[in-house]
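Peer 1: Here is how the chains run, residue by residue.
There are 2 protein chains.
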Amino acid sequence: MACSFVRMEDKIKTFSKFGDTKKGGITRFSLSEEALAARAEFVRRMEAIGAAVVTDDMANIYATIPGTEDLPAIYSGSHMDSVRQGGNYDGILGVISAMEAAETIVSEKIPHKHPITVVVWTNEEGARFEPAMMSSGVICGKFDKASMLASVAKDIPGYTFGEALEASGYKGEEKNRITPEKCAALVELHIEQGPVLEAENIDIGIVEGVCGMINYEFTLSGQAGHAGTTPMPYRRDALYAAAKTIQYIHDELDKLDKKLVYTTGKISCHPNIHTIIPDEVKFTLDARHQDTDVIKQVLAVIESLPSVVEKCDLTYEKAWTRNTVAFTPELVNLVEKSAKEYGYTNRRIYSGPGHDAQFLIDIVPATMIFVPSIGGHSHCEIEYTPVESCLKGANVLLQTLLYIDEK
Amino acid sequence: MACSFVRMEDKIKTFSKFGDTKKGGITRFSLSEEALAARAEFVRRMEAIGAAVVTDDMANIYATIPGTEDLPAIYSGSHMDSVRQGGNYDGILGVISAMEAAETIVSEKIPHKHPITVVVWTNEEGARFEPAMMSSGVICGKFDKASMLASVAKDIPGYTFGEALEASGYKGEEKNRITPEKCAALVELHIEQGPVLEAENIDIGIVEGVCGMINYEFTLSGQAGHAGTTPMPYRRDALYAAAKTIQYIHDELDKLDKKLVYTTGKISCHPNIHTIIPDEVKFTLDARHQDTDVIKQVLAVIESLPSVVEKCDLTYEKAWTRNTVAFTPELVNLVEKSAKEYGYTNRRIYSGPGHDAQFLIDIVPATMIFVPSIGGHSHCEIEYTPVESCLKGANVLLQTLLYIDEK
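Residue numbers (full-length UniProt numbering), protein chains in the order written: chain R, 1 to 407; chain P, 1 to 407.
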């Protein structure tokens with residue numbers, strides 16, 4: 001049993017046209033004209049293989065091919081929307097792989113007891129309408145629906161998600177939502193969005209869960225002064241204090257578990273003039289680890305910071321946190337079994353980024369499959385996974401769905 | 001012989017109205033409506049005490065009260081323009097003090113052989129039309145006049161300094177410029193713009209010269225990546241590399257002479273998103289010292305920097321440099337003698353910021369007098385010097401002009 005290289009390649013190429021930036025990537029905001037064209041192509045292709053297509057009240061699409069018994073469906077899919085100038089694999093590859101698995105099952109007449117539902121989640125990226133993972137969040141009770149409908153487009157003043165939803169033609173009924181009763185299991189394939197699998201020459205990442213994370217913002221408050229007139233002993237230089245604090249955080253966090261990742265990605269400096277001593281500098285710290293205890297150790301490092309650094313006041317506040325999410329162990333084992341079945345190199349891995357599946361696990365059994373991202377690039381136009389790697393992912397997905405069906 | 005507290009206070013209050021921000025400071029760009037109102041007030045007051053007023057081709061104003069002999073004039077003054085939301089003392093206090101010294105000489109009928117010329121330099125700040133010290137620079141051959149006339153306003157697209165000059169009504173003849181033949185000496189009073197005098201409880205700064213300075217921009221180039229997916233050993237984090245470089249620069253420069261001042265005032269980070277590892281960070285280094293050898297040691301530290309920091313490429317380029325300028329020693333001594341005459345506490349000091357006098361010293365004997373800036377604040381609305389301090393400065397200026405006259 002194997003998916004088709006030719007069909008996978010065709011699907012990747014076809015969906016890359018919707019929102020093509022002509023620079024190797026796509027801009028395909030959720031429910032945009034480009035996204036609606038991609039949805040139409042999805043519906044057309046799924047109906048062509050005999051799927052029944054419905055949408056729910058958040059415009060999530062469910063395309064179901066019937067099974068031989070009256071059982072809950074096995075779900076697989078991901079999202080079709082992208083960030084601005086994103087790539088051709090993030091999200092869409094999970095949809096394409098599920099389509100390809102379903103198409104293989106249909107064309108090869110592979111017997112299956114459970115219905116197979118290919119699902120497209122609306123607005124995973126939150127690139128136009130915040131927050132990310134909006135629709136899976138509403139379904140799983142993470143977000144209030146009315147607030148989500150009122151979310152205003154970042155790039156179109158006053159334009160709400162609710163308006164985009166009404167205009168899309170994809171708004172369906174709430175009764176069509178995925179529920180625990182309807183769903184036997186959910187498997188989402190995704191690109192890794194990191195460099196580990198490629199660097200270790202691994203075909204398949206068996207995703208055990210999504211890392212817990214914390215995000216803090218630090219502020220150093222000093223005193224502005226003229227660069228040419230203020231002797232060094234009089235200074236309260238907020239940027240120098242920030243550099244020292246960043247160094248301290250690195251030194252301390254480097255002592256913790258080697259799987260910990262942490263990043264200062266954003267810094268702002270006031271007044272940010274070359275001849276003025278900075279009086280306020282803010283910077284972020286994002287830290288992620290699968291083990292809650294390690295996250296607690298990170299918090300302890302933050303709490304150990306002095307309140308005054310180089311005569312500047314240091315304060316911080318929590319921007320957000322996310323607890324570690326563990327996927328369903330039986331499903332994780334089936335993904336591993338499937339990878340071994342094909343002889344693909346594989347390893348267990350935790351996801352750093354968030355995915356719809358991390359919300360769905362609250363209501364249905366769920367897991368994920370990762371394929372390598374070349375160079376670790378994602379959310380950019382050079383994001384790339386070779387068709388060969390995509391095909392291996394689709395094969396593992398296909399086999400996992402069939403193992404789940406057998407149970 | 002002493003200037004008048006009441007008149008000084010009146011002048012400070014009056015000129016603070018021209019461009020009043022209503023928040024304690026002024027915005028008075030050179031040749032703006034507000035600056036022209038201040039000029040009119042200056043001309044009115046100078047003519048009222050019998051001065052003959054002319055302007056040169058860069059709209060510098062020279063208001064001269066005659067002496068008893070046919071001698072070159074003794075010049076004193078500064079500028080009337082400000083930065084956006086600047087204070088009521090930077091520049092204008094030098095004009096006010098020179099006005100007050102002249103008014104005291106006239107009202108007290110103090111005999112003087114040399115003419116006394118109160119001068120207003122056009123566009124010292126360069127806040128609307130770059131560069132700073134534009135008109136003194138043209139007169140002293142530092143800047144090309146045609147290029148200066150073509151300088152476009154930062155805040156008004158297409159509007160040139162030449163147009164502002166023509167429209168001002170203050171454009172005069174080139175023959176009216178200050179020249180070595182016309183000028184016996186030039187003394188500019190200014191606020192310190194730094195905290196030293198106030199901190200040391202000193203009334204008068206005897207300015208020996210203007211510090212040499214260098215300004216460099218550094219670039220760290222790394223590799224962007226997702227904060228949640230890129231293990232620490234794979235990272236080339238440009239911001240962490242920048243923090244380390246800033247720390248290194250501090251550690252090395254702190255070993256040099258204690259009078260050295262250096263500042264990283266500006267930093268930019270790309271893409272500056274909290275979940276993305278930064279791939280490019282740029283920051284500035286401004287360093288100033290009166291001794292050229294110390295500046296050379298700073299350059300040696302810069303040249304000692306490694307080309308790779310934390311796997312990121314480090315490059316740098318010179319933005320600009322300025323050599324140390326020494327004022328005329330005889331005039332510096334006369335300022336000191338004058339301060340002692342009044343029993344004012346005083347110390348010799350080098351200026352960090354640039355001033356018109358640093359260009360004028362190329363063509364005429366020149367020096368400066370500093371008065372304290374409370375809190376070291378300048379180029380902001382809370383810039384402040386008490387009238388008492390301003391009066392002490394004006395008295396020292398008056399006495400210095402009279403000592404020069406005696407010679």
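In short, the hints are calculated from the structure, not lab data. Among the hints, erroneous ones may be present.
Mimicking SDA-like on lysine to any residue, the simulated pairs with C-alpha atoms at most 25 Å apart in a straight line are [what the hints assert, rightly or not]:
{"hint": "1", "chain 1": "R", "residue 1": "Lys142", "chain 2": "P", "residue 2": "Asn272"}
{"hint": "2", "chain 1": "R", "residue 1": "Lys154", "chain 2": "P", "residue 2": "Asn272"}
{"hint": "3", "chain 1": "R", "residue 1": "Lys13", "chain 2": "R", "residue 2": "Asp70"}
{"hint": "4", "chain 1": "R", "residue 1": "Lys318", "chain 2": "P", "residue 2": "Thr275"}
{"hint": "5", "chain 1": "P", "residue 1": "Lys266", "chain 2": "R", "residue 2": "Pro233"}
{"hint": "6", "chain 1": "R", "residue 1": "Lys23", "chain 2": "P", "residue 2": "Ala48"}
{"hint": "7", "chain 1": "P", "residue 1": "Lys311", "chain 2": "R", "residue 2": "Lys142"}
Derived contacts from chain R toward chain P, CB cut-off under 8 Å, selection only [to be verified]:
{"hint": "8", "residue": "Ser16"}
{"hint": "9", "residue": "Ala52"}
{"hint": "10", "residue": "Glu192"}
{"hint": "11", "residue": "Gly194"}
{"hint": "12", "residue": "Tyr240"}
{"hint": "13", "residue": "Gly265"}
We treat Cβ as the ideally placed atom computed from N, Cα and C, and that holds for glycine.
Peer 1: Take the hints in turn and mark each one as holding or not.
Peer 2: Here is how each hint holds up against the structure:
Only pairs whose Cα atoms come within 25 Å are accepted, and lysine 142/R paired with asparagine 272/P is rejected, the gap being roughly 28 Å. With a C-alpha separation of about 18 Å, the suggested pairing of lysine 154/R with asparagine 272/P holds against the 25 Å cut-off. Between lysine 13/R and aspartate 70/R the CA atoms are separated by roughly 36 Å; this puts the pair beyond 25 Å, and the hint is violated. For the hint pairing lysine 318/R with threonine 275/P, the CA-to-CA distance comes to about 15 Å; that is within 25 Å, so the pair holds.
Annotation: proposed proximity of lysine 266/P to proline 233/R holds, straight-line Cα distance about 20 Å (limit 25 Å). Our distance criterion of 25 Å between C-alpha atoms is broken by lysine 23/R and alanine 48/P, whose separation comes to about 71 Å. Between lysine 311/P and lysine 142/R the alpha-carbon distance is near 41 Å, which puts this suggested pair outside the 25 Å criterion. The interface hint given for serine 16/R is violated, since its Cβ lies 21 Å from the closest Cβ of chain P, which is over the 8 Å cut-off.
Evaluation of the alanine 52/R hint against chain P yields a violated restraint, the C-beta minimum of about 36 Å exceeding 8 Å. For glutamate 192/R, the shortest C-beta to C-beta distance to chain P is roughly 6 Å, which falls under 8 Å, so the interface hint holds. Here the hint on glycine 194/R is kept, as its CB sits about 3 Å from the closest CB of chain P, short of 8 Å. Here the hint on tyrosine 240/R is kept, as its CB sits about 6 Å from the closest CB of chain P, short of 8 Å.
Annotation: interface hint on glycine 265/R holds; nearest CB of chain P at approximately 5 Å, less than 8 Å.
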